[in-house]
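Counted the way the numbering used here counts, the sequence shown spans residues 1 to 188.
These are computed hints drawn from the structure, not numbers from a lab.
Just so you know, not all the hints are guaranteed correct.
[Said to hold, decoys possible] Using 30 Å as the maximum straight-line C-alpha spacing, the simulated DSS-like pairs for lysine-lysine come out as follows:
1. 116 to 143
2. 18 to 116
3. 116 to 150
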Amino acid sequence: WAYSLVIYDLDNGAELWKVPAHGDTITDLHLVDGGGLLVTCSDDCSIRLWEPGFGCGAYRGHAVAVEYAVPAAGETGRLCCVRGELWDGERASQIGPLKSKDDTEHITAVHLDEEKNLVFKGLMSGEIQIVNLRTGEVTATLKGHERSIKSIGTDAARQWAISGAEDGMARIWNLESGQCIQHSRVRD
Numbered sequence: 001w002a003y004s005l006v007i008y009d010l011d012n013g014a015e016l017w018k019v020p021a022h023g024d025t026i027t028d029l030h031l032v033d034g035g036g037l038l039v040t041c042s043d044d045c046s047i048r049l050w051e052p053g054f055g056c057g058a059y060r061g062h063a064v065a066v067e068y069a070v071p072a073a074g075e076t077g078r079l080c081c082v083r084g085e086l087w088d089g090e091r092a093s094q095i096g097p098l099k100s101k102d103d104t105e106h107i108t109a110v111h112l113d114e115e116k117n118l119v120f121k122g123l124m125s126g127e128i129q130i131v132n133l134r135t136g137e138v139t140a141t142l143k144g145h146e147r148s149i150k151s152i153g154t155d156a157a158r159q160w161a162i163s164g165a166e167d168g169m170a171r172i173w174n175l176e177s178g179q180c181i182q183h184s185r186v187r188d
């Protein structure tokens, strides 16, 4: 494995944990369960779930590089990953697509709100679509970014969303109205 995963102590910068992680570039990672689980994905077409000190479980089956993996904050352990496929992290199996057959635009970021059964899809155009997971219906579209969405998140109360894009802007959205209420250019 040419690409290692390294965990550092933020207080003193000391290396706490280092393991060979993937066979290609690590493209995304997330801490889950208060840091008890780390999810990584890679251009080597795999997702790995790490328990520090206990090793990992690898989920393969992707035909293309895994650009992002978003763990759900819920009991089912679902993951949104790779080009709009929804995968079950417990069974390492695909649940279904997040893209309809009419979708032609590349998904560049996702955020899963399992409590409300919603997924936020960031698109290459700069739009964010909010999709009902049960019906597949797009319930809202957030417009304001001019380039590809790179990151999406929501607050704990699920009233606000925040997004970052390749246009250099960070935006805060009111989810009830769908309006951008604040934006700021991120400096290099």
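Against the structure, the hints:
| no. | hint | result |
| --- | --- | --- |
| 1 | 116 to 143 | holds, 21 Å |
| 2 | 18 to 116 | violated, 36 Å |
| 3 | 116 to 150 | holds, 22 Å |
The structure does not agree with numbered hint 2 stated previously, though it agrees with all others.
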